[in-house]
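Throw the hints in and build the complete structure from the sequences for me.
Protein sequences appear in the order of chains D and E. Add 121 to the 1-based position in the first sequence for the numbering used here, that's all there is to it. Add 440 to the 1-based position in the second sequence for the numbering used here, that's all there is to it.
Please note that a few of the clues may not be correct.
To be verified - Result set (DSBU-like, lysine-lysine): computed pairs, CA atoms no more than 35 Å apart in a straight line:
hint, chain 1, residue 1, chain 2, residue 2
1, E, Lys714, E, Lys704
2, D, Lys377, E, Lys565
3, D, Lys282, D, Lys377
4, D, Lys269, E, Lys565
5, E, Lys565, D, Lys282
6, D, Lys377, D, Lys269
7, D, Lys267, E, Lys565
8, D, Lys282, D, Lys267
9, E, Lys714, E, Lys649
Quick caveat, the hints were computed from the structure, so don't treat them as lab data.
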Amino acid sequence: MTVTPKPAGGVGMDWTSMGIGILIMIAIIGGAYIMFGATSVFYALIGIIVGGALIGFGVHFVPVGGAPAAMGQAPGIATGVAMLAGGAGLAGLFGGAWAAAMVPSPGIWVVCMAGAVGGALMMAITCMFVNVIYVYAMGIPAASGKVKTDPITGDTQTEYKSQGTEGHGLPFVSFVGGVIGGFLGGLGGTLIYYMLLENVYTDKALSDALGASALANVTPIAVSLAGMFAIGLFLVNAVLAAYNITGTIEGPHDPKFARWPRAVVATAVASAVCGIVAIGIVAV
Amino acid sequence: MTVKIEVIEGGIPHDQLMIAGLVGSLVCLYLTYLNTVTGSQYFVVFGGLAAVCALVWGSNTIKVLCSYGIGTGVPSAGMLALGSGVLAMLLATRFGLAAPIVAVVLAAVIGLILGFLANNVLMMKIPVMIRSITEMAVIGALSLMGFSAMASGSFDFAGMSSKSGPFLGIVQYGYADSYMGITIIAVVFFLAAIAIQHPFNATLGPSWKQDRMLWLAAECGFLSMAAVAVMSFAFLSFNAACVSLAISIILWAYTYSQYITLSKRDAAFWLDAKPIREPEGH
Numbered sequence: 122m123t124v125t126p127k128p129a130g131g132v133g134m135d136w137t138s139m140g141i142g143i144l145i146m147i148a149i150i151g152g153a154y155i156m157f158g159a160t161s162v163f164y165a166l167i168g169i170i171v172g173g174a175l176i177g178f179g180v181h182f183v184p185v186g187g188a189p190a191a192m193g194q195a196p197g198i199a200t201g202v203a204m205l206a207g208g209a210g211l212a213g214l215f216g217g218a219w220a221a222a223m224v225p226s227p228g229i230w231v232v233c234m235a236g237a238v239g240g241a242l243m244m245a246i247t248c249m250f251v252n253v254i255y256v257y258a259m260g261i262p263a264a265s266g267k268v269k270t271d272p273i274t275g276d277t278q279t280e281y282k283s284q285g286t287e288g289h290g291l292p293f294v295s296f297v298g299g300v301i302g303g304f305l306g307g308l309g310g311t312l313i314y315y316m317l318l319e320n321v322y323t324d325k326a327l328s329d330a331l332g333a334s335a336l337a338n339v340t341p342i343a344v345s346l347a348g349m350f351a352i353g354l355f356l357v358n359a360v361l362a363a364y365n366i367t368g369t370i371e372g373p374h375d376p377k378f379a380r381w382p383r384a385v386v387a388t389a390v391a392s393a394v395c396g397i398v399a400i401g402i403v404a405v
Numbered sequence: 441m442t443v444k445i446e447v448i449e450g451g452i453p454h455d456q457l458m459i460a461g462l463v464g465s466l467v468c469l470y471l472t473y474l475n476t477v478t479g480s481q482y483f484v485v486f487g488g489l490a491a492v493c494a495l496v497w498g499s500n501t502i503k504v505l506c507s508y509g510i511g512t513g514v515p516s517a518g519m520l521a522l523g524s525g526v527l528a529m530l531l532a533t534r535f536g537l538a539a540p541i542v543a544v545v546l547a548a549v550i551g552l553i554l555g556f557l558a559n560n561v562l563m564m565k566i567p568v569m570i571r572s573i574t575e576m577a578v579i580g581a582l583s584l585m586g587f588s589a590m591a592s593g594s595f596d597f598a599g600m601s602s603k604s605g606p607f608l609g610i611v612q613y614g615y616a617d618s619y620m621g622i623t624i625i626a627v628v629f630f631l632a633a634i635a636i637q638h639p640f641n642a643t644l645g646p647s648w649k650q651d652r653m654l655w656l657a658a659e660c661g662f663l664s665m666a667a668v669a670v671m672s673f674a675f676l677s678f679n680a681a682c683v684s685l686a687i688s689i690i691l692w693a694y695t696y697s698q699y700i701t702l703s704k705r706d707a708a709f710w711l712d713a714k715p716i717r718e719p720e721g722h
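Next up, the structure:
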C-alpha cells in the first residue's frame, strides 16, 4: 500500500516561477531600501539573504540516507535532511553565539568562522560515528551506488556494493561532503544570527520597541530574539532544500546535486520574506 | 509523479477540521485576554487549549500533505510549520490585542510564499502543497502563541519580555528573567514541533484511522501543555500554574485512555504483557 512514488524532480527549472520568486525578493529588498536607506538594517537583510542561500546550498552536500540507510540499503547518514541540517546548523549556531558574546566583540569573521567550524565539527563527528556503527556494528563496508570510483580517493566502489542495494555505508567523498555541508550551514546560520543581533536588535531599537528605559538591560531579549529567528529561518531553509532533494542524496557526487540552483533561488527568496518579518519586530 | 499513495477514507472532512481548529484556537487565545480584564492569571490555561486545537488541526494537515509521499519524512513538515510560524508569531506579538489575528494573516502570507517556492520553484508539483504549507504556518504560529500565552500569561511582546514582581518591596520590571529573556520559547518551539509531527508519524500505515490519529494529536498536545504548565511556575502565581498543570494532566490522562482504547480497537490482537514469574524453588 505504501509504495513510495517520490516526486522525481529532475534537474529542470521552472523559469516563470523562478522569475516570480526573484521579483518577490527584489521587491522586498527595494522596499527595505526605501524604508531604511543604506543603513545597517538594510545590510542585515542582505546578510540574512546570503546566509539563507548558504544554508540552502550547504544542505545539498550533506549525505542524507533516511530510512534505507538505517537498513544498510543506501549510503549516507540514517536520518532525514531536516534533522541533519537542523543538528549541524544549531551546533554551528551555538559556536557562533558563543563567539558573538565575547567581550570585546571579535568581529563578524571570527564569529561566522566559529559557527562554521562548529557545524563542520558536528558533521565530522556524526559522519565518523555513523561509519563506526556501519562497519563495526552492522558489518557493512562503505560503497557508493552512484559513482564507480570515489572522486577524491579514486577507490573503486562497485566491488563492495551488495546486490539489490543502492550502496551502503559512508564513502570518503560523502564524509567530505558532510563536513562541507556542515561548514556552509553553520556559516549561514551564524551570519543570520549575527546580522540580527548586531544590526537589527540593537539596545536602542529594542528599548524603543519595549518601551524600556535606556538603562534597562535588554541584551537577553536581543539574544533570544536573534536566536529564535535564526532557528526559524534555518529550519525553513533546510526543509526547502530538503524538498528540493526529495529524500536521499549521497553528497556532492550525486546527480541530484545538480539541482542546487533551484534551492539557492528558493532559499534566498524565503530568507528575504522571513528576514523582513524578523526586522519588522523592531520597525513596527 | 504526484501519485497519492494513501487514501483518506471516512472521518471528519479536512475543511471542517480546519475551521474548527482555526476558530477554536482564536477563541481560546482571546479567552486568555480575560487575565488582563479580570486581573487574575487563571485564564492562561486557555492558551494551552488554543495550542491543542491548532495541533489537532495540524496533524490532519500533515496527513493530507504527507499522503503524497514528499520523500523527506513527516518531521520535516512539522519543522517547516514551526519555523515559519515562529517568525509570524513573534512579529504579531507587537500588535497588542490584534496579535492572534495578525499572526494568522501574517503566517498565511509567509506560508503562501513558502508553498509557492516549494511547489513551483523547487518543482514538487503536489496539488495540496501550497494550501498545506499555508495552513501549517498558521498552525505553527497559533500553537506557539497559545503555549507562549500559557507560560507567560500574555500574548503581547512587552508582556512576554518583562517579568514584573516585587523585589525587596519595590515592584520592578526585569527583562533578563522573563519568558523571552531566558528563551523558554525555544523549549516551547520544540514541544509544539514534537506534538505536531508525532501523531501522523506514529499512526501512518495501512491501518491508519483518522479518529485514532486525532486523539493521539490531542494527547501529544496535552502532554506538551503539561510541560509548559511546569515552566509557567517561573512566571505566574503558584495557584494559576497549579490549575493549568492539573487541567492539562487530567485532559492528558483522558485523551491517553481514549487513544489506548482506539489502539486496542484497531489492533489485530492485544496481549497485556505480564511480569516474568520467578520459578519456585530454584
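- Item | Index of numbered hints that the structure contradicts, given in increasing order | Hints that this structure does not satisfy do not exist here, as all of them hold.
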